[in-house]
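Chains as they are written, first to last, in this note's numbering: chain C, 1 to 120; chain L, 1 to 120; chain V, 1 to 120; chain F, 1 to 120.
Do not rely on the hints blindly, as some may be mistaken.
[Stated by the list, open to error] Only part of the chain C face toward chain F is listed, based on derived beta-carbon distances under 8 Å:
hint: 1; residue: Thr-38
hint: 2; residue: Asp-45
hint: 3; residue: Tyr-117
Treat the hints as calculated values from the structure; they're not laboratory data. Cβ atoms here follow ideal geometry from the backbone N, Cα and C, with glycine treated the same way.
Protein chains: 4
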Amino acid sequence: MDSKNDLQQMKNLVQQFCEERDWDQFHSPKELAIGISTEAAELLDLFRFKSNEQIAGQFQDPVSRGKIEDELADVLFFILRFSQMNQIDLPAALAAKLAKNNLKYPVESSKGSNKKYNEV
Amino acid sequence: MDSKNDLQQMKNLVQQFCEERDWDQFHSPKELAIGISTEAAELLDLFRFKSNEQIAGQFQDPVSRGKIEDELADVLFFILRFSQMNQIDLPAALAAKLAKNNLKYPVESSKGSNKKYNEV
Amino acid sequence: MDSKNDLQQMKNLVQQFCEERDWDQFHSPKELAIGISTEAAELLDLFRFKSNEQIAGQFQDPVSRGKIEDELADVLFFILRFSQMNQIDLPAALAAKLAKNNLKYPVESSKGSNKKYNEV
Amino acid sequence: MDSKNDLQQMKNLVQQFCEERDWDQFHSPKELAIGISTEAAELLDLFRFKSNEQIAGQFQDPVSRGKIEDELADVLFFILRFSQMNQIDLPAALAAKLAKNNLKYPVESSKGSNKKYNEV
Chain C
1 MDSKNDLQQM
11 KNLVQQFCEE
21 RDWDQFHSPK
31 ELAIGISTEA
41 AELLDLFRFK
51 SNEQIAGQFQ
61 DPVSRGKIED
71 ELADVLFFIL
81 RFSQMNQIDL
91 PAALAAKLAK
101 NNLKYPVESS
111 KGSNKKYNEV
Chain L
1 MDSKNDLQQM
11 KNLVQQFCEE
21 RDWDQFHSPK
31 ELAIGISTEA
41 AELLDLFRFK
51 SNEQIAGQFQ
61 DPVSRGKIED
71 ELADVLFFIL
81 RFSQMNQIDL
91 PAALAAKLAK
101 NNLKYPVESS
111 KGSNKKYNEV
Chain V
1 MDSKNDLQQM
11 KNLVQQFCEE
21 RDWDQFHSPK
31 ELAIGISTEA
41 AELLDLFRFK
51 SNEQIAGQFQ
61 DPVSRGKIED
71 ELADVLFFIL
81 RFSQMNQIDL
91 PAALAAKLAK
101 NNLKYPVESS
111 KGSNKKYNEV
Chain F
1 MDSKNDLQQM
11 KNLVQQFCEE
21 RDWDQFHSPK
31 ELAIGISTEA
41 AELLDLFRFK
51 SNEQIAGQFQ
61 DPVSRGKIED
71 ELADVLFFIL
81 RFSQMNQIDL
91 PAALAAKLAK
101 NNLKYPVESS
111 KGSNKKYNEV
């Protein structure tokens with residue numbers, strides 16, 4: 001369960017952080033998409049070449065776990081900023097995409113399967 | 001303002017979607033990080049080689065805007081799933097990272113600047 | 001062994017392909033870096049959620065193998081284009097980086113290890 | 001023009017570097033694709049939020065240029081390693097992909113255009 005269960009509050013914090021620093025000028029859609037993508041790669045990089053056992057250890061060690069949470073927060077930061085700058089309603093966007101995915105991945109045929117909908 | 005201002009509700013929807021399909025077995029931290037990263041790249045790909053004017057047009061056209069929202073939702077899907085599977089409190093993680101960034105990017109010195117904290 | 005063992009020839013083909021289409025105007029360093037990054041993600045996406053056995057099968061199946069080779073070629077395309085547009089000597093850059101990595105990852109201490117040089 | 005115009009020689013250097021360190025065990029296709037993708041993001045990260053003028057300055061400054069070349073070399077390292085481990089003939093793969101792209105992007109219709117072949 002999240003401590004403060006409030007998406008809008010998170011968006012407000014991110015917006016305030018950026019506006020205090022006059023960063024609107026740098027935050028075009030393309031730059032924010034670069035931000036999401038590069039931070040996502042930093043998260044992935046933490047697991048590069050690691051076995052599942054090593055990764056489990058990373059989650060148990062407080063310092064390593066902190067790094068994982070930091071990188072995840074960086075991706076989230078840019079997602080919230082992207083949605084705020086471009087007036088995207090995240091819960092509505094997620095619900096719409098889940099509805100589409102429900103058609104692409106029907107429960108029966110995709111149960112226990114890692115196939116993509118367009119894979120033979 | 002988001003339509004349903006509830007992070008936990010979004011996480012529950014994503015969890016339900018995955019559990020109905022028996023996808024826990026595929027959703028190790030590394031695989032979910034790959035999911036975040038590859039979906040982030042699909043979002044970025046929508047803006048590749050596009051001018052700011054063309055991108056503004058993408059946001060105005062309903063079909064193109066829908067594609068952008070879909071890709072953003074895909075990234076969010078995997079972030080919510082990663083946090084759910086690994087018991088990460090997203091608002092707490094974001095607040096902790098903003099506190100660190102506040103030290104790395106003090107308002108005075110980073111105002112209107114696109115320099116990274118470790119740049120000369 | 002590569003069929004035509006010639007890096008310069010590949011760069012020339014890529015340059016010709018782009019110049020015939022008047023694409024210099026779109027190929028700034030940032031856009032080409034986006035190209036490298038998004039194509040790299042498409043390659044990675046082919047292996048998402050796949051087991052090692054499934055991936056071995058992908059390499060044995062001619063159609064799947066062709067998709068892998070296509071995505072790898074797309075990344076290489078943008079690397080060659082980036083180096084051509086910005087006068088980067090790839091063999092020299094690689095040799096310089098290997099020399100640095102040789103210091104970061106000495107044979108003795110990094111033998112059989114997946115630790116990064118900055119990991120405790 | 002590249003200093004040592006030899007793709008096979010670069011592949012041999014990368015192979016030797018990895019085999020000396022007993023790294024075959026870590027270099028599955030998925031892990032190498034992660035390597036390509038995360039290093040590509042580090043290259044892109046150098047240009048994040050930067051204007052074209054600032055990026056031109058990065059190429060003129062020897063230290064900044066060195067960082068760009070290092071990151072490009074890191075991506076190339078993993079591409080060469082991926083092709084070596086999986087017996088992919090890079091010039092043949094590139095030529096095959098260029099032939100396909102030649103059909104997707106005919107010179108006449110794609111001249112001076114940044115549209116993707118599947119864009120309306």
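Quick rundown of the hints versus the structure:
The beta carbon of Thr-38/C comes within 4 Å of a beta carbon in chain F, closer than 8 Å, and the hint placing it at the interface holds. A least Cβ separation of about 4 Å between Asp-45/C and chain F falls short of the 8 Å threshold, and the interface hint therefore holds. Of the supplied interface hints, the one on Tyr-117/C is violated, with its beta-carbon coming no nearer than about 17 Å to a beta-carbon of chain F, more than 8 Å.
Checked against the numbered hints above, the structure breaks only hint 3 and satisfies the rest.
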